[in-house]
Amino acid sequence: GAGVSQSPSNKVTEKGKDVELRCDPISGHTALYWYRQSLGQGLEFLIYFQGNSAPDKSGLPSDRFSAERTGGSVSTLTIQRTQQEDSAVYLCASRRQGGAEAFFGQGTRLTVV
Amino acid sequence: QKEVEQNSGPLSVPEGAIASLNCTYSDRGSQSFFWYRQYSGKSPELIMFIYSNGDKEDGRFTAQLNKASQYVSLLIRDSQPSDSATYLCAVKVGGGNKLTFGTGTQLKVEL
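So the protein sequences, as listed, match chains Z and H.
Quick note: the first sequence uses our numbering, first residue 1, plus one each step.
Quick note: the second sequence uses our numbering, first residue 1001, plus one each step.
What the hints contain is simulated information worked out from the structure, not anything from laboratory work.
Note that the structure is a prediction, hence the values are computed from the model and not measured.
You may find that some hints are simply not true.
[Said to hold, decoys possible] Simulated pairs of lysine to any residue, SDA-like, Cα-Cα distance not exceeding 20 Å:
{"hint": "1", "chain 1": "H", "residue 1": "K1108", "chain 2": "Z", "residue 2": "N10"}
{"hint": "2", "chain 1": "H", "residue 1": "K1042", "chain 2": "Z", "residue 2": "N10"}
{"hint": "3", "chain 1": "H", "residue 1": "K1042", "chain 2": "Z", "residue 2": "K15"}
{"hint": "4", "chain 1": "H", "residue 1": "K1067", "chain 2": "H", "residue 2": "P1081"}
{"hint": "5", "chain 1": "H", "residue 1": "K1098", "chain 2": "Z", "residue 2": "S66"}
{"hint": "6", "chain 1": "H", "residue 1": "K1098", "chain 2": "Z", "residue 2": "Q80"}
{"hint": "7", "chain 1": "H", "residue 1": "K1002", "chain 2": "Z", "residue 2": "L39"}
{"hint": "8", "chain 1": "H", "residue 1": "K1042", "chain 2": "Z", "residue 2": "Q41"}
{"hint": "9", "chain 1": "H", "residue 1": "K1002", "chain 2": "Z", "residue 2": "S38"}
{"hint": "10", "chain 1": "H", "residue 1": "K1002", "chain 2": "Z", "residue 2": "S66"}
{"hint": "11", "chain 1": "Z", "residue 1": "K15", "chain 2": "Z", "residue 2": "Q106"}
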């Protein structure tokens, strides 16, 4: 595709529910990142995928968070039993192998009520 | 100590002036440095990256890196109102994957 696509753009969910956020990276990009940005804050690293290598999960804040990347393309970030502190914009970025620039999607704004 | 530190601002400069944005980092193993611009409600977009000590210029933008002082800066010459945004500094350590971001500096260019 022309850019990194994320869906949904907005999600409101009740506390305790599970949510799935989707990221469709730029075609051919082997690296994929998930970040979280709370209001007025910087970007918090969550997880990184590179090709078929084991993902770097060092940024996931708790075991309620998980992510997968099927076929080296689309990625899904799942948050189980959502809490109010999970409310943030979740950003996905992709990068071609050897490239310097990570291209960001428009993000999913998650609100837990 | 935060891994990447930036003054949150806002930094206000008059149109046409030079805006100077600063960033310090804690990990001496850091090797790649990036400046992203983020408009309100939008996603970050890369402005410049720098790997080597010294200056790197691209149009009105100059990135400056001093690894001994663990300091990277971004200069914007002839600042325009359209430059008003939050500027995020990001650092990648060695061969690692994680891109660590600062909290950003808000720049306001006033007419």
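Going down the list of hints, with the structure as the test:
Only pairs whose Cα atoms come within 20 Å are accepted, and K1108 (chain H) paired with N10 (chain Z) is rejected, the gap being roughly 28 Å. A C-alpha spacing of about 13 Å is found between K1042 (chain H) and N10 (chain Z), which places the hinted pair at or below 20 Å, so the restraint holds. For the suggested pair K1042 (chain H) and K15 (chain Z), the alpha carbons sit about 26 Å apart, so the restraint of at most 20 Å is broken. Restraint check for K1067 (chain H) and P1081 (chain H): not satisfied, since their Cα atoms lie roughly 31 Å apart, outside the 20 Å limit.
Simply put, K1098 (chain H) and S66 (chain Z) have alpha-carbon atoms about 17 Å apart, close enough for the 20 Å limit, and the pair holds. Using a Cα cut-off of 20 Å, the hinted pair K1098 (chain H) and Q80 (chain Z) is violated, with the two alpha carbons roughly 24 Å apart. A hinted pair counts as satisfied when its Cα atoms are at most 20 Å apart, and K1002 (chain H) with L39 (chain Z) qualifies at roughly 18 Å. Taking the CA atoms of K1042 (chain H) and Q41 (chain Z), the gap is about 14 Å. The hint holds against a cut of 20 Å.
Among the hinted pairs, K1002 (chain H) with S38 (chain Z) is consistent with the structure: their alpha-carbon atoms are about 17 Å apart, no more than 20 Å. Restraint check for K1002 (chain H) and S66 (chain Z): not satisfied, since their Cα atoms lie roughly 25 Å apart, outside the 20 Å limit. Between K15 (chain Z) and Q106 (chain Z), the direct Cα distance comes to roughly 24 Å. Violation of the 20 Å bound is thereby established for this hinted pair.
Going down the numbered hints, you'll see the structure goes against 1, 3, 4, 6, 10 and 11, while the others check out.
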